[in-house]
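Sequences are here, hints too, so could you generate the full structure?
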Amino acid sequence: MRGANLLFRTVGDRELVERAAGGDVEGYNLLVSRWEKKLYNYLLRLTGNRDDALDLAQEAFLKAYNNLSRLGEADKFPQWLFRIAHNLACSKFRSDGRRPQADSESWPEEGEDAAPVMTGGPLPVGSSTRLYPLELELIVARALEELSADQRHAVILKAIYGFKFAEIAEILDCPISTVKSRIYAGFEQLKRVLGEDVAAKAAFQK
Amino acid sequence: MNCGETKQALMDLVLDEAGSEERQQIEAHLAGCAACRAELVNLRLTRKLLVQGLPQEEMPQRIAFVSGQAAKGGLRGWLGSRTFAIPVAVAVAVAVLACGLALARARLVIEQGHWELAFGQAPAATTAATKSAPAGTSLPLPAGLLTREQAQQLMAAAIRESEQRQEAASAARLEAALSQLDQRQRATLLALAGQMRYFEATQNVFYKEASRTRTALELVASRLPAEKGDRP
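For the protein sequence lines, the chains are V and X, in the order given.
Residue numbers for the first sequence follow this note's numbering, beginning at 1 and rising by one.
Residue numbers for the second sequence follow this note's numbering, beginning at 1 and rising by one.
Worth flagging that the hints you see were computed from the coordinates, not collected in a lab.
Wrong hints could be hidden among the right ones.
[Claimed, not checked] Simulated crosslink set (DSBU-like; lysine-lysine; CA at most 30 Å straight-line):
hint	chain 1	residue 1	chain 2	residue 2
1	X	K48	V	K164
2	V	K37	X	K208
3	V	K38	X	K48
4	X	K48	X	K7
5	X	K208	V	K92
Here the structure is a predicted model, which means the values were calculated and not measured.
In structure tokens, the structure reads:
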């Protein structure tokens, strides 16, 4: 009886942004549910701390809502949101007098896959190499630590979240050329380090 | 396009920044260059490793906002609000009265200008009538004095209309309350499921710590050639 009144319809970010800008809180909640996990994980990479990441994510969404009228184009919501979050994270670390990577020794890359112990079979990452998810996480975490913070942020925004160069330039508030050079250099270095690590792993397992 | 130019183009390709024109040029070059094909494989593998090595973690709790000014919704809020409390109370009282009378098979019988309440089976000539129609009924009233039949018809029509209205209203209210309950339950279950996933994930931190130590040791061991033969 109740189900008969439901219709399936897709809504885009643009429509939700417009609804939220008109004061529709539920519309904004839909937008939040769409982006919260990505934003939280990005902030987790920046801060290395779950509490901080959650606080900053909430703060960023609230700030974004209160300033929605200043967002010129609804399509730019994602990079605008990430920019707010990025700036909040940076100013938080400035006021705390520590740098985001300062507590990197205390397990910075805390991305837990859902229960690798129970589900984790080897990942087929290359023709001759098999890595367990956890080992891969450790290798990737160490490789990322070798990049500069600027390179790391740009590379993560690109490779994980799929933002365009121009969007990353907006998030990090720097020229596109800077973004490109950070990503090219960072990605090149990752390729080398990961290649070595994976090769070392493969040699070790033979 | 030579290999030097292709190097950056390959990175663009892997990072989804290559336009269709650039893509065609790359493909043309790749067809005749094994070194660049190998480089492309390496770049793709790098991105794949990066994505798999940085899994997205569940949030410890979901983020949601409520409006500071909108009336808190739901049946309770609606009944509790001042605007509706009195009409609703009146409607409920009328409905209860109507139901009670109907259950007792009571009738208001008009006999030669006198009203009386009667119980039990109605005589064939008189028709049931329980109460006056609430304000807002839209029945046309003929001018002048009413005959008994006219009065009975009018009252029966008013009762039918009123009953239909009330049935519809209570059905709508019931439905609203049910759907709200359903949503709340669903939200609770979702929150619970999220927390379970999060809990499950955090358990693995311990495993990770142990495994990190093991990996570090293994890497050290792998650099000592003398021990290599003893490894399984």
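These are the hints, each one checked on the structure:
At most 30 Å may separate the alpha-carbon atoms for a hinted pair to count; K48 (chain X) and K164 (chain V) meet this at roughly 18 Å. For the proposed pair K37 (chain V) and K208 (chain X), the alpha carbon gap of about 22 Å is at most 30 Å, so the pair holds. In summary, the hint linking K38 (chain V) to K48 (chain X) is supported, as the alpha carbons are separated by about 18 Å, within the 30 Å threshold. Distance check on the hinted pair: K48 (chain X) and K7 (chain X) sit about 18 Å apart at the alpha-carbon level, within 30 Å; holds.
At roughly 28 Å between alpha-carbon atoms, K208 (chain X) and K92 (chain V) fall within 30 Å of each other, so this suggested pair holds.
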